[in-house]
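Please model the entire structure based on the sequences and the hints provided.
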Amino acid sequence: MRSFSMTVNSFFSMSFMPVVLFVGTFLFPQIVFLDAPLPWQIGFQDPATPIAQGIQDLHHDICFFMVVVLTFVIWMLCRTLWHFHWTKNPIPSKIIHGTVIEVAWTVTPSLILMVIAVPSFALLYSMDEIVNPSITLKAIGHQWYWTYELSDYSTADDASIVFDSYMIPEDDLTLGQLRLLEVDNRVVLPVHTHVRVIVTAADVLHSWAVPSLGVKCDAVPGRLNQTSFFLQREGIFYGQCSEICGANHGFMPIVVEGVSLDEYISWVSNKMEEI
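Yeah, the sequence shown ends on 442 if you go by the working numbering, and it's all consecutive.
No wet-lab data here; the hints were simulated from the structure.
Derived BS3-like pairs: lysine-lysine, alpha-carbon spacing no greater than 30 Å straight-line:
1. 438 <-> 305
2. 438 <-> 383
3. 383 <-> 305
Quantities reported herein were computed from a predicted structural model and do not represent experimental measurements.
This is the structure:
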């Protein structure tokens, strides 16, 4: 009976979620965000960091050039097929060399690539830039869960805030929770704060990725990779391991909860009391 009710709830959630998002986007645009994947989703999740916004803007700019080039190529092909059909042009013309057209199809793509390169280089530079962080979060990938460590609030290594984050099994989900995406311990971070994330692994290759934050960093055993982000709004942001790491690769999600500074301080205080 429980499995049947969960199936019904899952069906209604999948069926009406697009409608709820569509209506909510127009009625309450300031509170409705897409921070988790949806069935049959095509577009991006709503950005929550400047990097994620920059990635989506660059994607849209490149798509503009792609549509222009695609339209021109299709027009040329259709025009060629129409005018040079054997019924209209039974005697084919023998054109071996055309300087103007060869210069045109060489220079034009070069100019397009140069125009695309300017914003892409700026985005790459901003992604690699590490501003003096206020918080450093260490994420360690395991088969198949994540371990998080916050050492900014302790003077000794054994007093750091360390906790494991496991996926909540489907049988333990409550109404409204997302299947394969919910965890028992979320990463809580404050908004409007520069955060540095150090990523590593304890066994095999993993990847710490959260689409709404524009973050995807490989976790390599024996090495430390780092990335950073700046949360612009509160919310719950879902991600998953993006490197095939074994049989349960699809069962180690990532959940980052953006909260106000006061709520973050309260969360840190509670974690320190548990040590």
